[in-house]
Amino acid sequence: MSALAAPNEVVTKALLRQVNVPGLDRPAALITLDNGFDHTKPNTFGPGGLTSLDEAITAALAANPAFIAVTGKPYVFCVGADIVGLPALADREQALEIGRLGHRVFARLKDSQIPTFAFVNGAAMGGGLELALHCHYRTLSGGAAALALPEVSLGLVPGWGGTQLLPNLIGIPAATQVIIQNPLMQNKMLKPKQAAELGIADVLLEPADFLERSLEWAAGVVRGEVTVTRPEVDKDMWAGVLYFARQTLDQRLHGAVPAAYKALDLLETAKDADFVTGTAAEDEALADLVFSEELRSGLYAFDLVQRRAKRPAGAPDKGLARPVTKVGIVGAGLMASQLALLFARRLQVPVVMTDLDQSRVDKGVGYVHTQIEKAVSKGRMDKGTAAKLYGLVSGSVDKSVFADADFVIEAVFEDLNVKKQVWAELEKIVKPEAVLATNTSSLSVTAMAADLEHPERVVGFHFFNPVAVLPLLEIVRGERTDDATLATAFAVGKQLRKSCVLVKDAPAFVVNRLLTRFLGTVFAAVDAGTPLEVANSALDPLGLPMRPLALLQLVGPAVAYHVGGTLHGAFPDRFGVSENLKRIADSGQPIVVDDEVNAEVAKLLVVGDQPLTAEQVRQNALDALAEEIRLMLDEGVVAEAQDIDLCMILGAGWPFHLGGVTPYLDRTGTSERVTGRRFLPRGAASLPA
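The working numbering puts the first residue of the sequence shown at 58, with every later residue one more than the last.
Everything labelled a hint here was simulated from the structure, so no lab data went into it. Idealized CB from N, CA, C, for every residue including glycine. Fair warning: there could be bad hints in the mix.
[Said to hold, decoys possible] Each computed DSSO-like pair below joins lysine-lysine, with the alpha-carbon atoms no more than 27 Å apart:
1) Lys435 with Lys456
2) Lys456 with Lys383
3) Lys248 with Lys383
[To be verified] Per label pair, the in silico range of CB-to-CB distance:
4) Glu263 with Ala481: 26 to 36 Å
5) Lys420 with Glu536: 17 to 27 Å
6) Gly423 with Asn522: 36 to 46 Å
7) Gly297 with Asp168: 47 to 57 Å
8) Ala615 with Gln308: 42 to 52 Å
9) Ala481 with Leu611: 31 to 41 Å
10) Arg403 with Lys485: 27 to 37 Å
11) Arg403 with Thr97: 15 to 25 Å
12) Gln308 with Asp508: 29 to 39 Å
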């Protein structure tokens, strides 16, 4: 075990105690996983934690209890392997050893002659969920915050039995969803009800008295009074499901995420292989992936999302933030309505929208009410909460309703003069300390506030669409924005459960500037004569969440043309204006249909006679990104390259296996070739030299 020692491991101890349960002739053995910290530092397994669990199982078996149960500290079961220690593994043999250790310890619960139970009282991810799967029976708390096997999103596979146990428990379609599909969908988590319906848990219990009810239920199983039935797994559909899954991966990722394909191979093994053979294959896959560039980028991205996003670089002292007891929203269109619902749900304060006429106001408030009704009908919101939200959201055509608002955000047409007119009118109405926030996607916050009496209270507050889904919030400091305004913006962003990044007031900020440069380069190839199909598929080897033309359609050609025009005005040498893009916008036709280029759109284009190959299009796009990122860092748009990556992951959905963007540019040599140096030190998001 000395070869596996992890000096920085926060050891999760397995604490054993005997529990007397009514109706049983001898005590039960209860093992509680606890690393000694509160729920903000969840339980994880490194070599020390696995050794502690091994010792606890040995002691429990020696006591010959009525049953053995494993649970976690308050709110947390276990969130898996201690991935912080993975980069410290020196060679493939050590990676194999950590896989084998986990398998050996967990298998003792699976192979035990004494009944074993997992009382999943809170978050259970990765190796934590795999531990639970090894137990003979599982209870699950309705308050468990997160349930998942997220390894593929990082560049790994479930390496402690998950790929072998889960499909044989809940069937191959559901297992493929949990192990591959969910991690690739922004690391989607299962809610307790979903996990129970899939069959991952045998019974779902209320959180208030979860441990007591779990002990009672387990005692019922041991006495034979509770019968656990599980549906038979249909193995005839196994090959068909995996064939379809592989086709889907090829269409989406084009081989860019090795971990996803390894996971498919392991799921295929699980159909007929015995457990020992299957877990040995997991060990080999894990050892291969630990020393891959994709994993190092994935770990870097995970650290950004879990740590840096929670402590934004450059944010002012939170003690300067002012309280917000009422929110005003200028506008009642789709974006404004989404904001109204979000503010009401998260801040639980009155939210009032205004617009030019009553019909628009009514439509905006109606949208909010409809979304609340949908949430209730789907069981995502109780009727009491819904009734409260109905009362919090209102609308008016009279802007005087903003007089007592502490925070007013505008979501009107993306035109500087329109926005300046809005603020000039509002400044005469709102109280002196009210924060004025703009949801502009590309315009200057400084210019917007220039003519105001109090420009220091104007701040950029740029959301990404759809507002409820994408977690990024770009908070933009204008030249005269003061610390109190900025601190209030960060405090509100945190209450909204958004990941906030401080951004300098520069054209289009971070995500839109990079995506516009990226899409502009691709569309310049089209203007030169490159077929739409070639330009659209050129970036496939990166495994991006969307092809360029699908992304352009999502943004909207008119919006893309407008933002491109703004950036062309600021940086004419790097941002062109495509008249073909305007033709498409004016036509109103979709660019792609079911991921295929619309032939009617192709007829609208006026192009040159110098087509590029897919490889040339791809390299031009990557070169453009590298150049633009270096310029943004030199301009101080954000503090560090890490903030660029965080923005691209959380605001544009760029995958973990790329590390956002700069690790990929580094490892392909693009950074050094285009800018003369790397963005990150060697080993920070890549294998050491």
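Results for each hint:
For a cut-off of 27 Å, the pair hint linking Lys435 to Lys456 is broken: about 35 Å separates their Cα positions. Pair hint Lys456 plus Lys383 holds up; C-alpha atoms about 14 Å apart against a cutoff of 27 Å. In summary, the hint linking Lys248 to Lys383 is not supported, as the alpha carbons are separated by about 32 Å, beyond the 27 Å threshold. Take Glu263 and Ala481: their Cβ atoms lie about 54 Å apart, and the range 26 to 36 Å is violated.
Taking 17 to 27 Å as the suggested C-beta distance range, the pair Lys420 and Glu536 does not conform, at roughly 36 Å. A beta carbon spacing of about 19 Å between Gly423 and Asn522 contradicts the range 36 to 46 Å that was offered as a hint. A beta carbon spacing of about 32 Å between Gly297 and Asp168 contradicts the range 47 to 57 Å that was offered as a hint. The beta-carbon spacing between Ala615 and Gln308, approximately 28 Å, falls outside the hinted interval of 42 to 52 Å.
Checking the proposed 31 to 41 Å range against Ala481 and Leu611 shows it holds: the Cβ atoms sit about 33 Å from each other. Arg403 and Lys485 have their C-beta atoms about 29 Å apart, which keeps the hinted 27 to 37 Å range intact. At about 19 Å, the beta-carbon gap between Arg403 and Thr97 stays in the expected band of 15 to 25 Å. A beta carbon spacing of about 51 Å between Gln308 and Asp508 contradicts the range 29 to 39 Å that was offered as a hint.
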